[in-house]
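Engineer: Here is how the chains run, residue by residue.
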Amino acid sequence: MNNSNNALTEAVYYILLALLSPLHGYGIMQRTAELSGGRLLISAGTLYGALSNLMDKGWIEQLEVVADSRRKEYQITAAGREVLEQEFARLEELVNNGKRILKM
Amino acid sequence: MGTTKKVWNFFTIAQWEEEEQWLNDMARNGWHLVRINCLLRYVFEKGTPGEYIYKLDLPDNLEHGMDEQAYCSFLAECGIDVVCKQKQWLYLRKKATDGPFAEKDDLFAKLQMTNKAYSYAIRTLSMLLRCFAVMIAIFGIALCVISHPYINDLFEGVIMGIGIGAIIAITLIWVPLINSLRKKMNSLIAEIGIKR
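If you read the sequences in order, they're chains R and U.
Going from the first sequence to our numbering is simple: count from 1 and add 1.
Going from the second sequence to our numbering is simple: count from 1 and add 2.
Here chain U stands alone, though its shape is the one from the complex:
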C-alpha cells in the first residue's frame, strides 16, 4: 500500500460538479481517492498522475426499481470501479486511457443529475422534519406524563431548542439549497427547449 493522505472537505448536495472537479484535480496531481471516512475526510492514495478520472453518480434506485448490485456489476463490465459510497452518492473512477465517462456538456444528462439531486434534497429534508417531529412528540408526551417542576422546565427548554434548531436549519440551509437546484433545473430545461 502506497502513501496516503487525508483531506477534510465539504460539498453540499448542489455542488457535485465542484466535488468532481476537485477529485479530478487531485487525481491529475497523482492523488487518487480510495475512500471517504465519516466526518467527510477524503482519503487519497499516491499513484501515477492522471491515471484515473472520477465521477459522482446518484442512482435513482427508488424510481426504476434499480437493483444496486446489478448496476454496480454493469459498471464493472464497462470498466468503471465503484470507489466508495457516501449516503446515496456513488464515487466512480475509471482509467483515463479508456476515455471519458460521457460527452461533456450533455444537457440532458445534467438535467437528470440535477433532478436526482433535487429529489434527494427533498427526501432528506422530509426525513429531517420527521425526526424533529418525533423528538418533539417524545418530549411533549414526557412533559404531560412527568410532573416534576425541574424536569418539566428542562423538557420545555429541549422542545424549544429542537423547534428553533429546525427552523434555523431549514431556512438557512435547506431552502437556499433546494432553490438553487430548482433554478438550475429551470435554466437547463429552457436550454434543452432550444438544443439537445
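Only chain R is shown next, with the shape it has when bound in the complex:
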C-alpha cells in the first residue's frame, strides 16, 4: 500500500508522532496538545475513531494489557513509522518551496 500521495490530517500526524513511545488514550490527548503548544485539541470521539482506523491500517498496535490495568496502551508500528517519515518529507517539501518563493 503506497500512501505517499496522501496527506495525513494534522490530528493523525500528531497522534503518530506521540505514539513513538507507548501511550494510553488520555496520554495521547495530552501529548498531542503539548506537542502543538496547546493548539491541537483532539476530542475523545475523534481520537477513538482515529485509533481504530490506524489499527485497521496496521500503523499502530495495541500493547499487551497489563493484568490489573484496564487502560489500553498503543504504539506505532514499523509501517506507521514509514508513513510518518513519508509525510515528514512531504511537509518539508511544502515548507522548502514556501521558503524559497516567499523568501522567508
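Don't take each hint at face value.
[Stated by the list, open to error] To spell it out: a stretch of chain U is covered by chain R in this simulated footprint if at least three of its residues, at any positions, have a beta carbon under 8 Å from a beta carbon of chain R; those stretches are:
| no. | region |
| --- | --- |
| 1 | 80 to 87 |
| 2 | 103 to 111 |
[As the list claims (entries may be wrong)] Simulated restraints, written as ranges between beta carbons of each label pair:
| no. | chain 1 | residue 1 | chain 2 | residue 2 | range |
| --- | --- | --- | --- | --- | --- |
| 3 | R | Pro23 | U | Ile172 | 47 to 53 Å |
| 4 | R | Pro23 | U | Glu105 | 21 to 27 Å |
| 5 | U | Phe110 | R | Glu65 | 28 to 34 Å |
| 6 | R | Gln63 | U | Lys48 | 40 to 46 Å |
| 7 | U | Gly195 | R | Asn98 | 19 to 25 Å |
| 8 | U | Asn188 | R | Glu62 | 35 to 41 Å |
| 9 | U | Glu19 | R | Thr10 | 19 to 25 Å |
| 10 | R | Glu11 | U | Lys97 | 22 to 28 Å |
[Unchecked claim] Rough simulated footprint, nothing fancy, chain U against chain R, three-plus residues with beta-carbon under 8 Å:
| no. | region |
| --- | --- |
| 11 | 17 to 29 |
| 12 | 37 to 47 |
In case anyone wonders, no lab produced these hints; they're calculated from the structure.
We put the CB at the ideal spot given by N, CA and C, even for glycine.
Got chain R; can you put chain U on it based on the hints?
Structural biologist: This is chain U only, laid out in the frame that chain R set:
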C-alpha cells in the same frame, strides 16, 4: 441531593448545536443536566455555575463495530462522564477546568457529526416507513379475512389514516430535516476543500 428543576424542550435531529449551546448556557447559570425523562423533560440539578461543560455525541457503533462499553470507559479515562443516553445520542460532560472538549470550529469534526446525524435521520425514516408498511399490511389482511360491513369500514378508515399520516409526517418533517442536513454537509465539504 440538591435542588432540581425540570424543563421541557425540543430539538430536532439537525439541532444538536443549539441543544449543546442551551445545555452549556444552563450550566453557566448553575443548572447542570443530570438526566432526560421520557417526553423530553430535561432534569437539571443546582450546582456551581460553570463547573461543567456539555457536549452531544452520536457514536456510530454500527459502522466501526464500536463497542459502546469500551467507548464509555475510554471517555471516562479522558475525564468525561456520560450523563445520559437519549435514543442514540450520548450527553457528555466534563469539568470546565479540564479544558474544552475539542478545538472550536473543527470543520472535519463538524462534517463527521453532520454525516452521522444524516445517516441517523435516514435510518429513523426507513424504520418509520417499515412500521407504517407493517401496520397497513396488518389492517389490509384483516380487511380481507373479516367480512363484516361495520368492521370493514373501520379498517378502511384506519388504513387511510395511517397512509395520510405517513405522507404528512414525511413531507412536513423528514424531507426538510434531511435536506437541511444534506445542505450543511455540502457547505462543509466545500469549505474543507479550501482549508482544514
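Engineer: Each hint needs a verdict: does it hold in this structure or not?
Structural biologist: Hints and how they fare:
Counting residues of the region 80 to 87 of chain U whose CB falls under 8 Å from any CB of chain R gives 3; the rule of at least 3 is met. Judged by the Cβ-Cβ criterion of 8 Å, the region 103 to 111 of chain U is covered by chain R as claimed, because 6 of its residues qualify and three suffice. Taken as a hint, the range 47 to 53 Å holds for the pair proline 23 of chain R and isoleucine 172 of chain U, whose Cβ atoms sit roughly 51 Å apart. Remark: the range hint 21 to 27 Å for proline 23 of chain R to glutamate 105 of chain U is upheld by a beta-carbon distance near 25 Å.
For the pair phenylalanine 110 of chain U and glutamate 65 of chain R, the supplied restraint of 28 to 34 Å holds, since their beta-carbon distance comes to about 33 Å. In this structure the supplied range 40 to 46 Å holds for glutamine 63 of chain R paired with lysine 48 of chain U, their Cβ-Cβ distance being about 42 Å. Distance hint for glycine 195 of chain U and asparagine 98 of chain R: a CB-CB separation of about 21 Å, consistent with the stated range 19 to 25 Å. A beta carbon spacing of about 37 Å between asparagine 188 of chain U and glutamate 62 of chain R agrees with the range 35 to 41 Å that was offered as a hint.
For glutamate 19 of chain U and threonine 10 of chain R, the hinted distance range of 19 to 25 Å is satisfied, since their beta carbons lie about 22 Å from each other. The given range of 22 to 28 Å is respected by glutamate 11 of chain R and lysine 97 of chain U, whose C-beta atoms sit roughly 26 Å from each other. Judged by the Cβ-Cβ criterion of 8 Å, the region 17 to 29 of chain R is covered by chain U as claimed, because 3 of its residues qualify and three suffice. Only residues whose C-beta sits within less than 8 Å of a C-beta in chain U count toward coverage, and the region 37 to 47 of chain R has 8 of them, enough to reach three; the restraint holds.
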